[in-house]
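Can you make the complete structure from the sequences, with help from the hints?
Residues per chain are reported as follows:
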Amino acid sequence: QKEVEQDPGPLSVPEGAIVSLNCTYSNSAFQYFMWYRQYSRKGPELLMYTYSSGNKEDGRFTAQVDKSSKYISLFIRDSQPSDSATYLCAMSDGSRGGGADGLTFGKGTHLIIQP
Amino acid sequence: GAVVSQHPSWVICKSGTSVKIECRSLDFQATTMFWYRQFPKQSLMLMATSNEGSKATYEQGVEKDKFLINHASLTLSTLTVTSAHPEDSSFYICSARGYGDTQYFGPGTRLTVL
Numbered sequence: 001q002k003e004v005e006q007d008p009g010p011l012s013v014p015e016g017a018i019v020s021l022n023c024t025y026s027n028s029a030f031q032y033f034m035w036y037r038q039y040s041r042k043g044p045e046l047l048m049y050t051y052s053s054g055n056k057e058d059g060r061f062t063a064q065v066d067k068s069s070k071y072i073s074l075f076i077r078d079s080q081p082s083d084s085a086t087y088l089c090a091m092s093d094g095s096r097g098g099g100a101d102g103l104t105f106g107k108g109t110h111l112i113i114q115p
Numbered sequence: 001g002a003v004v005s006q007h008p009s010w011v012i013c014k015s016g017t018s019v020k021i022e023c024r025s026l027d028f029q030a031t032t033m034f035w036y037r038q039f040p041k042q043s044l045m046l047m048a049t050s051n052e053g054s055k056a057t058y059e060q061g062v063e064k065d066k067f068l069i070n071h072a073s074l075t076l077s078t079l080t081v082t083s084a085h086p087e088d089s090s091f092y093i094c095s096a097r098g099y100g101d102t103q104y105f106g107p108g109t110r111l112t113v114l
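Just so you know, the sequences run in chain order A and B.
Anchor point for the first sequence: position 106 equals 106 in the numbering used here, and the numbering is continuous, going up by one each time.
Anchor point for the second sequence: position 13 equals 13 in the numbering used here, and the numbering is continuous, going up by one each time.
Treat the hints as calculated values from the structure; they're not laboratory data.
Glycine is no exception: its CB is placed at the ideal position from the N, C-alpha and C atoms.
Treat each hint with caution, since some may be false.
[To be verified] In silico DMTMM-like pairs for lysine to aspartate or glutamate, Cα to Cα no more than 20 Å straight-line:
(1) B:Lys41 to A:Glu45
(2) A:Lys70 to A:Asp83
(3) B:Lys66 to B:Glu87
(4) B:Lys41 to A:Asp7
(5) B:Lys41 to B:Asp88
(6) A:Lys42 to B:Asp88
(7) A:Lys70 to A:Asp7
(8) A:Lys67 to A:Glu3
(9) B:Lys64 to B:Glu22
(10) B:Lys41 to A:Glu3
(11) B:Lys41 to B:Glu87
(12) A:Lys56 to A:Asp78
(13) B:Lys64 to B:Glu52
(14) B:Lys20 to B:Glu87
(15) B:Lys66 to B:Asp88
(16) A:Lys67 to A:Glu57
(17) B:Lys41 to A:Glu5
(18) A:Lys42 to B:Glu52
[What the hints assert, rightly or not] Have a look at the derived ranges for each label pair, beta carbon to beta carbon:
(19) A:Ala29 to B:Leu68: 24 to 34 Å
(20) B:Ala2 to A:Ser20: 21 to 31 Å
(21) A:Asn22 to B:Thr17: 37 to 47 Å
(22) A:Ser68 to B:Asn70: 36 to 46 Å
(23) A:Asp58 to B:Glu52: 28 to 38 Å
What follows is the structure, given as structure tokens:
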């Protein structure tokens, strides 16, 4: 079993829809959770960063962490064609400093927003 | 702010040669940098953690003699792939520990070994 599972997609939704992206993980020591957006042949760009369980909202993006279920989600409201990209979840146990640890990534979900 | 650059963005080399990839933090100092590798349709895999002025820490299964890492200054880390072979062809991405607890990623270097 991989440490972090993420459905690679592709996930195709119409413009304006609410998008739900998810990851599950097996390592209960993970405490720091991140979502990155990656465009083709580019480096990942940090979208959301959360610690432990709970919700965090930033504009059209909401990140949820449920440590009891080892499940994290990213919601995108009012999706736009420019949101089309690969979304990577990442996490760390914080043993060397929170999000500054080397991260464990999911495979990424390829998201397509249809105009 | 918090920009990380990589050079070159892509490189093609012959089997058996060595390739050096540079990672620079342009507008901040990074005591810690990380090197990842990403194969097609696979997740980013951490290769090593690079700390300024000290030896890099390699993840299990990564050959430290093959992937030489030097972090000589607070803004520059280099990854040298020695005696590269076709199976080393991949997308290599660095990141730098920035303000607070976050990592900022470079744009990546695509290595193709013929």
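Structure-based check of each hint:
Proposed proximity of Lys41 of chain B and Glu45 of chain A is supported: the alpha carbons are some 18 Å apart, at most 20 Å. In summary, the hint linking Lys70 of chain A to Asp83 of chain A is not supported, as the alpha carbons are separated by about 26 Å, beyond the 20 Å threshold. Of the supplied pair hints, the one linking Lys66 of chain B and Glu87 of chain B holds, its CA atoms being roughly 12 Å apart against a limit of 20 Å. This hinted pair checks out: Lys41 of chain B and Asp7 of chain A have alpha carbons roughly 11 Å apart, not beyond 20 Å.
With a C-alpha separation of about 16 Å, the suggested pairing of Lys41 of chain B with Asp88 of chain B holds against the 20 Å cut-off. As the CA atoms of Lys42 of chain A and Asp88 of chain B are separated by approximately 19 Å, the hinted pair is consistent with the 20 Å bound. About 15 Å separates the Cα atoms of Lys70 of chain A and Asp7 of chain A, which keeps this hinted pair within 20 Å; it holds. Pair hint Lys67 of chain A plus Glu3 of chain A holds up; C-alpha atoms about 14 Å apart against a cutoff of 20 Å.
Pair hint Lys64 of chain B plus Glu22 of chain B holds up; C-alpha atoms about 17 Å apart against a cutoff of 20 Å. Between Lys41 of chain B and Glu3 of chain A the alpha-carbon distance is near 17 Å, which keeps this suggested pair within the 20 Å criterion. Between Lys41 of chain B and Glu87 of chain B the alpha-carbon distance is near 15 Å, which keeps this suggested pair within the 20 Å criterion. For the hint linking Lys56 of chain A to Asp78 of chain A, the alpha-carbon distance of about 17 Å falls within 20 Å, and the restraint holds.
Between the alpha carbons of Lys64 of chain B and Glu52 of chain B the distance comes to roughly 17 Å, so the proposed pair stays at or under 20 Å and holds. Simply put, Lys20 of chain B and Glu87 of chain B have alpha-carbon atoms about 17 Å apart, close enough for the 20 Å limit, and the pair holds. Simply put, Lys66 of chain B and Asp88 of chain B have alpha-carbon atoms about 10 Å apart, close enough for the 20 Å limit, and the pair holds. A hinted pair counts as satisfied when its Cα atoms are at most 20 Å apart, and Lys67 of chain A with Glu57 of chain A qualifies at roughly 18 Å.
Distance hint between Lys41 of chain B and Glu5 of chain A is fulfilled; the C-alpha atoms sit about 13 Å from each other, no more than 20 Å. Only pairs whose Cα atoms come within 20 Å are accepted, and Lys42 of chain A paired with Glu52 of chain B is rejected, the gap being roughly 25 Å. Checking the proposed 24 to 34 Å range against Ala29 of chain A and Leu68 of chain B shows it holds: the Cβ atoms sit about 30 Å from each other. Between Ala2 of chain B and Ser20 of chain A the C-beta distance comes to about 29 Å, which sits within the given range of 21 to 31 Å.
About 42 Å separates the C-beta atoms of Asn22 of chain A and Thr17 of chain B, a value consistent with the hinted range of 37 to 47 Å. At about 43 Å, the CB distance of Ser68 of chain A to Asn70 of chain B agrees with the hint of 36 to 46 Å. At roughly 31 Å, the beta-carbon separation of Asp58 of chain A and Glu52 of chain B lies within the given 28 to 38 Å, and the hint holds.
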